[in-house]
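Chemist: One letter stands for each residue in the lines below.
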Amino acid sequence: MREQAILRPLRVLGLIFFALFTAFPLYAIVVSSVKPLQDVQSVFRWIPSAVTLSPYRDIWHTIPLAHYFVNSVIVCVSATLISILISILAAYAISRYRFFGRDPFRLVVLSTQMFPGILFLLPLFIIFVNLDQTFGTRLYGSYSGLIITYLTFALPFSIWMLVGYFNSIPRELEEAAMVDGATALGALFRVLIPLSMPGIVAVAIFAFMTAWGEVLFASALTTEATRTLAIGLRDYANQSTVYWNQLMAAAIVVSIPVVAGFLALQRYLVQGLTAGGVKQ
Amino acid sequence: MSVAPKSQDEARTSPGGRRSRGKVRRHLSSNTLPYVLIIPALLFELLIHIVPMIFGVVISLFQLNQFYISNWINAPFVGLDNFKIGLNTHGPIGSALVHSFLLTCAYTVLVVAGSWLFGVTAALLVNAEFRGRDWFRTLFLIPYALPIYVSILAWQFMLQKNGAVNTLLVQNLHILDHAPFWLIGGNAFWSMAVTSLWRTWPFAFLILLAALQNIPAELYDAASVDGASKLRQFRTITLPLIRPVSVVVILVMFLWTFNDFNTPYVLFGQAPPPAADLLSLHIYVNSFVDLNFGLGAAMSTLLLIFLLIVSVVYIRLLRVGGEGNA
Amino acid sequence: MYRKLTRQEFLKVGGGAFVGTSVLGLAGCGAGGGTSSGSLSYWASQQAPTIAQDKQILGKVAKEFKKQTGVAVNVKVIGWEDLWNRITTAISSGQGPDVLNIGNTWSPSLQATGAFMPFDQDPLNAIGDKSKFIQTAYDTSGAPGKTPTSVPVYGLSYALFYNKAMFREAGIKNPPKTWEEFIAVAKKLTNPPKKWGLAVEGASVTENSHWAFILGRQQGGTLFDKKNKPTFDSPQIVRAVKQYVEFIAKDKIASPEGAQYSTGTQAPTDFANEKAAMIMFQTGTMTALASSGMKESEYGIAPIPVPDPLPPGGEPIMSHTAGINLSIFNNTQNQDGALKFVKFMTSKARQIRLNQEYTSLPVTQAAADEAAFHTDKLKVFQDIYANNSAPMPLIPDEGQMETLIGGAVKNLFAKAASTGKVSEKDVKSELAEANQKMAASGMG
Numbered sequence: 001m002r003e004q005a006i007l008r009p010l011r012v013l014g015l016i017f018f019a020l021f022t023a024f025p026l027y028a029i030v031v032s033s034v035k036p037l038q039d040v041q042s043v044f045r046w047i048p049s050a051v052t053l054s055p056y057r058d059i060w061h062t063i064p065l066a067h068y069f070v071n072s073v074i075v076c077v078s079a080t081l082i083s084i085l086i087s088i089l090a091a092y093a094i095s096r097y098r099f100f101g102r103d104p105f106r107l108v109v110l111s112t113q114m115f116p117g118i119l120f121l122l123p124l125f126i127i128f129v130n131l132d133q134t135f136g137t138r139l140y141g142s143y144s145g146l147i148i149t150y151l152t153f154a155l156p157f158s159i160w161m162l163v164g165y166f167n168s169i170p171r172e173l174e175e176a177a178m179v180d181g182a183t184a185l186g187a188l189f190r191v192l193i194p195l196s197m198p199g200i201v202a203v204a205i206f207a208f209m210t211a212w213g214e215v216l217f218a219s220a221l222t223t224e225a226t227r228t229l230a231i232g233l234r235d236y237a238n239q240s241t242v243y244w245n246q247l248m249a250a251a252i253v254v255s256i257p258v259v260a261g262f263l264a265l266q267r268y269l270v271q272g273l274t275a276g277g278v279k280q
Numbered sequence: 001m002s003v004a005p006k007s008q009d010e011a012r013t014s015p016g017g018r019r020s021r022g023k024v025r026r027h028l029s030s031n032t033l034p035y036v037l038i039i040p041a042l043l044f045e046l047l048i049h050i051v052p053m054i055f056g057v058v059i060s061l062f063q064l065n066q067f068y069i070s071n072w073i074n075a076p077f078v079g080l081d082n083f084k085i086g087l088n089t090h091g092p093i094g095s096a097l098v099h100s101f102l103l104t105c106a107y108t109v110l111v112v113a114g115s116w117l118f119g120v121t122a123a124l125l126v127n128a129e130f131r132g133r134d135w136f137r138t139l140f141l142i143p144y145a146l147p148i149y150v151s152i153l154a155w156q157f158m159l160q161k162n163g164a165v166n167t168l169l170v171q172n173l174h175i176l177d178h179a180p181f182w183l184i185g186g187n188a189f190w191s192m193a194v195t196s197l198w199r200t201w202p203f204a205f206l207i208l209l210a211a212l213q214n215i216p217a218e219l220y221d222a223a224s225v226d227g228a229s230k231l232r233q234f235r236t237i238t239l240p241l242i243r244p245v246s247v248v249v250i251l252v253m254f255l256w257t258f259n260d261f262n263t264p265y266v267l268f269g270q271a272p273p274p275a276a277d278l279l280s281l282h283i284y285v286n287s288f289v290d291l292n293f294g295l296g297a298a299m300s301t302l303l304l305i306f307l308l309i310v311s312v313v314y315i316r317l318l319r320v321g322g323e324g325n326a
Numbered sequence: 001m002y003r004k005l006t007r008q009e010f011l012k013v014g015g016g017a018f019v020g021t022s023v024l025g026l027a028g029c030g031a032g033g034g035t036s037s038g039s040l041s042y043w044a045s046q047q048a049p050t051i052a053q054d055k056q057i058l059g060k061v062a063k064e065f066k067k068q069t070g071v072a073v074n075v076k077v078i079g080w081e082d083l084w085n086r087i088t089t090a091i092s093s094g095q096g097p098d099v100l101n102i103g104n105t106w107s108p109s110l111q112a113t114g115a116f117m118p119f120d121q122d123p124l125n126a127i128g129d130k131s132k133f134i135q136t137a138y139d140t141s142g143a144p145g146k147t148p149t150s151v152p153v154y155g156l157s158y159a160l161f162y163n164k165a166m167f168r169e170a171g172i173k174n175p176p177k178t179w180e181e182f183i184a185v186a187k188k189l190t191n192p193p194k195k196w197g198l199a200v201e202g203a204s205v206t207e208n209s210h211w212a213f214i215l216g217r218q219q220g221g222t223l224f225d226k227k228n229k230p231t232f233d234s235p236q237i238v239r240a241v242k243q244y245v246e247f248i249a250k251d252k253i254a255s256p257e258g259a260q261y262s263t264g265t266q267a268p269t270d271f272a273n274e275k276a277a278m279i280m281f282q283t284g285t286m287t288a289l290a291s292s293g294m295k296e297s298e299y300g301i302a303p304i305p306v307p308d309p310l311p312p313g314g315e316p317i318m319s320h321t322a323g324i325n326l327s328i329f330n331n332t333q334n335q336d337g338a339l340k341f342v343k344f345m346t347s348k349a350r351q352i353r354l355n356q357e358y359t360s361l362p363v364t365q366a367a368a369d370e371a372a373f374h375t376d377k378l379k380v381f382q383d384i385y386a387n388n389s390a391p392m393p394l395i396p397d398e399g400q401m402e403t404l405i406g407g408a409v410k411n412l413f414a415k416a417a418s419t420g421k422v423s424e425k426d427v428k429s430e431l432a433e434a435n436q437k438m439a440a441s442g443m444g
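Chains as they are written, first to last, in the working numbering: chain A, 1 to 280; chain B, 1 to 326; chain C, 1 to 444.
This is chain A alone, in the form it adopts within the complex:
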């Protein structure tokens, strides 16, 4: 689009507005994470009275942050990996085959997006506990229960995106591979998946981010041993004083993996969404 002279200042103004709106809380987080406790307990000032890194040191002692971190990583990475695998298989089936029940299946999967979490929180909990008692599994208060839950949350969106993405890749490539003797699955893994990397990466990012930030089910299905960061972070505010500076420091520490990963891979995300979701 060519720039018209009159639009230039408007563009600049617009960009500045959005930039400020976005950066304002980010600045508050960062600057508060290096303030001494008195600063964050009194009126907010843009410049700290003293810059200190002690919050970053203290956060690991005030609450077992490292432990929560490990829990979150285990749960989210597992959920993401398994979810991608399952989504790929299901999306492949939907995209490449016509079979009885395909459309209802798609609809059902998509409609789960609109389920209010609280509707099935208690029942899910009861089911987990029952399965534990009947089959000796360990779903409640363990990693597996939370992993299974999170991977399922990501499935609808992932399958939907991947179907769109697969649809945009011509079948001729797989057919060529199958004519050469590959099985359908072989074609999937050797031809389709490499071509769909942007879409798959996009879906993986989405699944990971959803799991990393989930609060409601983490609060119901974890115990101290499996507590994730989402719940653990509240503890900073529940000590005898509210350690805002530590909370902000912990917030930064907790956000770095997702933000860094997201930004590094955003190119894939855009590509994946463009081909998959945008082109219907």
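None of the hints are false.
Here are the computed distance ranges between Cβ atoms for each label pair:
#	chain 1	residue 1	chain 2	residue 2	range
1	B	Gly79	A	Ile193	49 to 55 Å
2	A	Ser49	C	Pro309	49 to 55 Å
3	A	Gln38	C	Asp369	38 to 44 Å
4	B	Glu218	A	Leu10	20 to 26 Å
5	C	Gln356	A	Leu265	52 to 58 Å
Hints are computed from structural coordinates only; laboratory data are not their basis. Note that beta-carbon positions come from the ideal geometry of N, C-alpha and C, so glycine has one too.
Keeping the supplied structure of chain A fixed, place chains B and C upon it in accordance with the hints.
Modeler: Same frame as chain A, but now just chains B and C:
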């Protein structure tokens, strides 16, 4: 659509022993393979979404409160009583539910419309060649990349009476005379909306930017050559071409925002001010704090029905592309 | 082929759920504490400033208990945010600890679930008989007329904390005894925007519900009538709540910022930072003040003021009988060990030790007589606890009551802080609305 059968036909008619053996294998697997492939997804969906959801709806027919949670097999069946209580707008519970529902509608409309507007505007601004555009795009995406509770906690911190928002508005910009409370009273609604907007609009921005980038530049060039103004180009080229994407993005944001539990819960805890009593939190309090699970389940079921109706109507009305080429 | 597969899958999952469901009904006792007779699982609430400290203190308790009885105790410390949810999930799943702490205001609600072991004569004998408990403490163990399902273990009460230096500077010799004196004293100490006579936690529904109760009793009102119908909007309660909210609205002796304090730690922080000269808080706050750097010598403890004269029907109640109780899950597989543990925790030696470590009050007369609890400060708390306290309403819907009436007061504080005015009509209408909701939800 399915191309597989066609390729199988081709394979079937090809000569060669090896092919025919492979053909037999493919013939069988093409019938069972798709089913096998969807089994994991189906299994998990059943276990985590479908069965609990049905179970949840069933709970709504029982009087499952604290007297019965240790012994819930024996909770008395009350049929639609929980629903009647929830829908009785003259009673305190029903009217509280209606209030919460309307509040959530207002909140959702505000946040979704705002997010779309911000998203489209920022996408247009960024969708040009200029130095530093990648930095802007990266910056705008950060709120979306942050874990949800981090963004909400940040705003909770800033919205304290002595927090950053008041410092900015009162001391720096002199827009207000004295620092108001943002987290109690009527202001709580706006605080919630802004918090949610801050983290939702980058999602719209991301998707709409991708859509914008798919519009071939030639279309605009041709229009310019024909003398169309920028505004006209926007209305006749841009808007229609991003419509399919906009429609989907709006639906998704609507569902997420309407069901939003995190924002009010992290900001206000279990006793939100009336202006911030969103539906998800309202139902949660009824279930887990007041221990009236039967009533909470009935409310959730009503919520689900409402969302289903809205989505179906929306999809039908706007003919959202489900599987156009499927 | 499709159908067969999915039916199999459905049966597997659905059948499992069904089977599990019926199994639960029969064997709700099944999983129980998941322990054998040689060990116990114990869920403790957070009583110390940090959970790590709790673990330390209770670790020593477990060791001592094992030495005395040979039973190992697996201690889990759960924060207050989660404790209620964990207990209710334990009840509904049948999978929980053998012994656990509960906030004593929860005891009637938990009693109503039927999931906890009743303390009738035999268990009471096993732990040493109910006469060893202070009466007000024991009154919190369940609804009146029903067999209690918990016994007290730590006691707490409210009292008035006042900053000695700030009092001296303002020329105030003694802490106020009546509300008139209180307002006068607080006004002298108030110098906005930085110094206030009082700090309140206006957004904490728990604190609000306590004060509605306490001040209500002083006015001669109760939150529920004899038939357990709510009376939140009775004239006495309206007067009480109005008095409380007017600390910000009319008397202007408390900072409006208090209207957004909700964690139970913010007003004490103001007190420790000398932004407020007085707070009305519970015994455990002394530990919080210590971690904020305030020395015990810097503040004094006095009884909560009362109206003078007392209105008709009014009582000099200064606190609700706060504290922690112990309960035993019905489906425990080690009832013997659990009872031994309860007896251990309510023994004189343990009561003395633990209540000192947690800065709480002993619940047994024997321990309360110890000199260690007769310091200037603790004596005031103990006195109030034993003589001027009453339990919060002992009804199954206690939690909901707190949310409703605490929420109503919270809204009034919000109004007071933003508009500076709260009228009697405002108070009455908020309380009437809360009352309606309470009445409507009383099911079962």
